[in-house]
Structure formats: structure tokens, C-alpha cells
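A.B. asks: Given the coordinates of chain A, assemble chain B onto it according to the supplied hints.
Protein chains in written order, with numbering that gives the first Met the number 0: chain A, 0 to 299; chain B, 0 to 346.
List of simulated lysine to any residue pairs, SDA-like, C-alpha gap at most 25 angstroms: (1) K257/A <-> I171/B; (2) K15/B <-> R134/A; (3) K257/A <-> L166/B; (4) K15/B <-> G129/A; (5) K257/A <-> K165/B; (6) K15/B <-> V132/A; (7) K15/B <-> D130/A; (8) K15/B <-> M139/A; (9) K257/A <-> A164/B; (10) K257/A <-> V146/B; (11) K165/B <-> L272/A; (12) K165/B <-> W264/A; (13) K165/B <-> S262/A; (14) K257/A <-> Y175/B; (15) K165/B <-> S74/A; (16) K15/B <-> W127/A; (17) K165/B <-> R70/A; (18) K165/B <-> P73/A; (19) K257/A <-> G167/B; (20) K165/B <-> T261/A; (21) K257/A <-> G163/B; (22) K165/B <-> A69/A; (23) K257/A <-> A290/B; (24) K165/B <-> L206/B; (25) K257/A <-> A303/B; (26) K165/B <-> V260/A; (27) K257/A <-> A207/B.
In short, the hints are calculated from the structure, not lab data.
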Amino acid sequence: MTATATPQRRAPRAAGAAFAAARRGWRTRHRTAGSVLDVVGFAIVGVVVLTALVGPLIAPDVYASHIQNARLAPSAAHLMGTDDQGRDVFWRIVVGSRTTLSAAVITVILYSVIGVLIATVAVLAPRWIGDMVMRVVDVMQAFPSLIFALLIAALMGPSLQSSIVALAATGWVVTARLLAGIMRETLTEPYVEAARTLGVSTWALLLRHVFPNALPTLWVKWAGDLGITILLIGSMSFIGAGAQPPSAEWGAMVIAAKGYVTSAWWGALFPGLAIACTSMGFALVGDAIHHRLSHRVKGH
Amino acid sequence: MLTSTPARIAGYVGRKVAGTILTVLVLAVAVFILIQITPGDEAVAAAGPGATAEQIEQQREQLGLSGSLPQRLVSFIGSLATGNLGISSASHGPVTDVIAAAVPVTTELVVVSVILSVLVAVPLAALSAIRASGRGEELRRFLIVLVCGLPTFWLAMMLQWVLGAKLGWFPISGRYTIGATSVPTITGSTLFDAMLVGDWSAMGDALAHIALPATVLSLGFIGPAYRILRTEFITAAHRDFVTVARAAGHGRFQLLRRHIVPHVMTPLLILVGIEFGSLFGGAVLVESVFARDGLGAMLTNAVAQKDSTVVIGGVLVIGIIVVVVNLLVDVVQTLRDPRLRSAEMGV
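The following block holds chain B by itself, in its conformation from the complex:
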């Protein structure tokens, strides 16, 4: 009882951040072990076909592949900590530059997809929970299996072909109409930059370009989100406190807003944290179809060009993004939920 509330919160966040750093370390070690145990010489692959023995040795030196195993692990972690991810064998520039250009593009896609998923899944779940009965279960089951079973990459291609190429409703590829907009680069994401400077026509253009990829990407998230939220809405609506509030004369809207939705937010937040990783995985597939130059397209190109430093760097950066998002979800969740708050920090 001696420490103040802000101090307790700071202590809690500090513990969480320390845990996250540990997790990133585990991830880095896992990637390092993977590189060591996979057959095939990375230096030979990075040096490219027809490289001389000297060039291969030079690559080995550059990639930190010379020396004993513990030495290599230390130099690997060391260069990560200093933000040095090596040189791309395809572009001959630092990997960090390649990644820095790609991160905002993918983030834009993932963020729009999450927003879209929530906007679709929450009302859908609420509506179907209000009219919950045994009927329609078969249809629901079919639709969920359908949404989960469609190959993302194929669906992306088919929508691009039908809605983009054939009907011309959406732009086929890219992030914006080339030459049509002159938005300054602030974040690197055309959509967010256009919003920041208030250029509405550029924003509309970016939104039109992101519509199809974001729809495809969000489908994989809407299925499970709908399923879990529907159950949550049904349970929440039958809680005692909701019955009491209803008896006290609260209207339907007020019940939803003040009592039911806050309850449903918890699983929704956890779900966003868990699914964030797979959204990045899905983004790899969607971006390569729609020619969006984000992390996914970067990784796909790097695999094709055997540019292993870029693949390793990209995987690590995606890992760090996922872990950090999970940290944020955890902290927001704890600050928001009074029960968790008292359990974790006693305030």
C-alpha cells in the first residue's frame, strides 16, 4: 500500500517489457538454431551461383558464419541488438533499409484488415446472438468452414480477376495510381500519409487500392472472430448484472453499450493479439498477388533470389512486431479490465 498507483503501473509495464525482450531473445536464438541445423550452406547460397571460394569466404565473414558456435551466436545477437541485419545480396544495400521501406506498407494492410474484420464481425455476431436459436446452425457451420477452407492466395487471384480485371470495380494492383497523387512521405504508408495531410482524393485512391487485399486478408479473421464473439454475446446477455440492469429499466442500446460490449471487448482484444501473427502470414500471400511492395512481397522476392539475409531479417522483424503487438494487447487489457488490474498490480 506504500507505492503509488503510477509506480505500480510502471512496475507492471516494466515486467511485461522485460518479458517481451526475453521472448525476442528466444525468437532470435530459435532463428539462429534454425539457420545452423538446416542443410545447405548459407554462405554459398548468399554468394550466388558461380561465386569463387574467396567470395564465399567473404560472405561467410559478412554473415557472421565464421568462428565457433557460441561465438557466432553472440555476434548474431550482437548485430541484431545494434540494428545491423546485414547486406542484401540482391539489392546490395543494407537489409534494414529494405525492411524499413516495406514495414509501413504491410502495417497499413494489416491495420485496415483488422478494422474491417471488427466492423463486420462485431455487428454480425451481435445480430445473430440476439436472434440466437438452434436454427441456421448448419448454414453457419457451412459458412465458417467455407471461409476457413478457401486458399487465401487463390481467392485473392480470383477476386482480382473478376472484380478488378473483368468488372473494373477495383484497381488491379499496386498501392496508389502512379502519377495521380503527390502525397509527401511521412510514415511510408500512402493511406496514412494522405490522412495526415488531409488529401482526401489521395486517401480515396489508396482506399480503393487496399479494398480487395484487405477484404481477402480479413476473411480469415472474420470467421473465428464471429464464432467466438457470438458465443460471448450470448453468455454476456444472460449474466445476472445484465438482467438486473434490464430490470432497472435500462434500454436496449444502453444495455449493449454499457454492459455487454465492454464484456465482449476482452475476448476480441485477445483474439486480435493472437491473430495478428497469422495476419502477417496471410499478408505475405495477399501482397504477392496484388503487387503491394510490403514485407510479404519482399520475402517472396528474397526467397526467389535466394537472398537469405533479407529472409532472416524479415522473419525477425515480423516476429518482433507480433511480440510487441501482443505486449500492447496485454497491457491495454490489464489497464482496462479491473479484475486483471487488481490481480496484476493491485490497483
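Bound-form chain A, shown alone:
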């Protein structure tokens, strides 16, 4: 694993990766196997994925307004109350789960592809190009991605699609850095050197030896990234650069309820809780996968 909990002195880059890892809440020590939190994480993610798949099929219309029902408190008829348009908050969260989750998945897939490409260029291209790429990565990493994403979304015009593009355009940095490190390491492993000596081409080396070797790290990263991306998608909607009303995207629901939070708190509380739970669920799953994988490596 490249991510270490102890920052190494005189190696700010390595320390940077470690801080990034710690911020995403992966790395823990002295863990007991199969803890309660692992189960909680998988349960949350399971429920959210199932809701995103099935929910929109069984939900009533969540976009039509019923002003006569506006701002009803939670009750048996409306589990989480209704918003200022009289729309059921619970069903809007159910339908919004697909919007939020699919936006996060697409974002992570997009920037992972960009990250792989950039890492490959950084490792395989001539030294000076690689150095230049890493310099850009340095700058990008110091820069708040939310602000960069805000710029892109503002230039493209605010929409959910813009925020996906914007977050994909800024999210690849850590993936690229992580992957470039693993690739450099793996390319000098004896078995890779041996394969190279046997005449295996560079691309085949990458596909058969290097990428499979990076996969365990990437699984952990993807799970944690989904949690963070859900937060970012919500944040983009919240500042008006992402999904627009009447979308049931969770962040868009929170900002829509901002104006009447004192009279009908349920409109803002529940979508925010949905974001928080889902994001934590993915963080815990990433943690659990990390633990299992490092355990398996130790077992050998």
C-alpha cells in the first residue's frame, strides 16, 4: 500500500498522499476483523443501491406539486413530511437516490479513466514530460477541487451534467498520483523485469502485470471516492452550480428547503441525513475492503 499513516519527514509528497488517505478516513490500525462498523457500512450501501435500482419504479410522481399539502409534518401518510410544494420528502429522497448515486458513479468512472491515462503518460513518457505532468498534479492537488469545479460548472452553465463534468475534470489528481506510484514500483519488480526480458511488450506488461497489481488499492479508493463524490455532487447543487429544481438530487433538496427550515425542518434534515449516511456507508466499506485485503496479503 502506498498510503501510510505516518507522514515521512523530508518527503512532503508521500506525506501528502498519507494526509489525503487519512482525510478520506480509510486507514486504521489495530482493527478487529469483521467489526460491527463493517457490517453497518455494507448494509447502508446495500440499501442505497437497492433503493436506487428499485425505488424510482415503485415511487409515486415526486415532481408534481400539491400546494394544499405544503409543509406537512412527518406522519404515517408522509413518513418524512412534505416540502413547500406539497411533495412527499421520503419518496423524493427515494427517487433522488438514483440521481445522486448514478451521478457519483459516472463521475468516479470518468475521472478514474482520466487518472489511468495521465498516470500512464507520467510513467511511460520521456522523463521531462513525466516531470511536467507531476508538476501540474502538484498544483492541482494544492488547489481546492470544489472551487475549480465551480469555475467549470459556471462556464458551462449550472446543471447536474456540468457538475459531473466539472468533478470528473478535477477529481483525477489523487488517482493519477497513486497509480503512477504503484506503476513505477511494479515496473521494477523482478517478475515484471523477467517478463520484459522474455520479450513481453510494454502495453502487455501494463495490462497483465501492472494494472492487476494496482487493483486492490483502487477498490479501496473507489469505495472511499464514491462517498466523497456524493458529498461533492450535493455541495455543487447546494451552491447552485449543480442539479436545479425541481430535481430530487439530495443536495438540491437541501438548498430548496433552506428558505423554510425554521418552519418545516424536515425538508432539509432528511435529504442531508441521506447524504451523510450514504457517504459514511461508502467510507466504511472502503475501510472494510482495505482491512480484508491487507489481512489477506499478511496471511500469505
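C.D. replies: For chain B alone, coordinates are given in the frame of chain A:
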């Protein structure tokens, strides 16, 4: 061995500053490329809906969007270097004025948040390192995941609602009680201005207004800071020199102050440098909830009003602030740490 110590330090700082200028250039070029490749015509957006073709052309001219690509890049960098960020299409004033008014407000929030985070994270990490054992690991893990997983904007709204509106413990929004204070504008930050002129009641008022936003903003920093510092405290406490100092009869307090804390300062400083950028990102969200007229509120409004010159200028200024803070952290770090000092400048 021929050059003197101050000369070496000056040389080192000079190299660092040159590197920083290069970084700012890379940033400016990146922003320029972004503007070029994003779909949508910026001039049309800036001119606003219902603009005539003539007005759009005029905007294009103003934004430096006419001419060939290299020409535009040169004029873009040129106007940045002269501090000209264009005209805001919403306020019709120079973007630099809009930004200059907002920077102190956000800086005040970020600085208070950093101080608060350090005040919470360092003692917490030290305490939990002293009593370090395998127990409580689950709870710690849960709390860190909780703190990292809460959406900042939502937490800000909920605290504002419960602690501000419902319980009335804190002011709901703004930076100071309007009409209650008459602090002269020196830095533009009410809190710092009140401290400078020694107006304690105004300072208390500003602190009450900043308490909630700063708490929300610092949460995202306390989590990782605690995690890293705890590990650092545990490793530092087991170093040989600490054992020797302890054997030599140094007391607990002296051990902490003279041997352990200086060691833990290194990762803390690096962390502040790295997290500074994301604090500005978080400030965007927090400010828009608490109606603090800083960079965040400025950017959010600019996005809503499609005022792209302000967005571009704001992003560049935040970028420059982040890069400069990283430069300061680097220099302070090198001057402070004798090992780095000898490696970087040989003194």
C-alpha cells in the same frame, strides 16, 4: 562555505519564490485552457440574456476573447500580471474591487478555523496518545468517519437552525450586529479591526458571529489532524532521545514541551499547508449559509448571476492565496527544522 548565512537563506527563499511564481503561471494557464475548452460562449454568457450581437462583440473584446489562441493567452496573462481582472457584469465595477472586499472576510473565517482546529486537535491527540491502547479504536473510527462524512453545507444549516434560530445561543448570520459597532475599517475584517483598535465589545460581537461558521469549517480539518497527530505523538514518545531525556530526569511537561511537541509541529505545519486549500473550498459552502460576504458568497452569487469574470478572478485569487500559504509553510518549515535547513541551504 564562502557565502554567509543570510545570503544562503535569501538564495533559498528566492528559489522558492521563483517556484511559486511558476506555479501561479501554471495555474493561470490551466484556468485559461479550461475557459477555452468548456463548451458555451463566455462572451454570450457575460453579456447576459437578450444582448445584441454588438454587445456580445464588445464583451468579447473586454474579456480578451478576440484574436488567436496564443494572442489571447498572452493578453490573459498580461492583464493578470497588471492586476486587471476585468469588469463584473453584475456590479459593473472592477472585479479586483469586488474581490478585495471579500478576501479579508474569508481570511478571517479560515484563520479562526485553523486556530480552533489546532486548539482542539492537538490536546485531543496528545491525550489519546498518552492513553493509547487497542481499546476505543472502533469508536475513534466511527467518529472520524462521521466527521468526514457529514455534508458541510447541511451541518451548517442544521446548526444555524438549532443553535441559532431555535435556542438563540448564536447570531444566525452576518459578521457583526448592524449598527451596534463602529469599528474603523483597517483590514476589512471586523474581528481583526476590533482587535487592532482594542474594541473588546466589538471583538466579542464578531467572535459570536464567527463561532458557528468557524466550528463547522474546522470539523473537516479536526478529523484528519487528530488522526495524524495521534500517530505522531505515539511515535515521538517512543523515540530514543525521549527515552534518554526521561532517563535524565526531565519531567513530563518538559518532555512534551522540549522534545515531543517540536517533533509533532512538522506534520502539523505540512497539514495546515495541504488543508488550507480545502478550507477555502469549504468556506464557499459555509459562507453562503451564514450570509458572510466573503469569497464564497461572492462566487456563489457570481455563479447564479452568470458573472463569469468574477468567478474566474475569484478562482485565480484563491489559487494564489493557497500557493502563497504553501510557500510560507515551506519556508517556515525549512527554517525551523535543522535537518531540512542543512539539506536545503547548508546552514
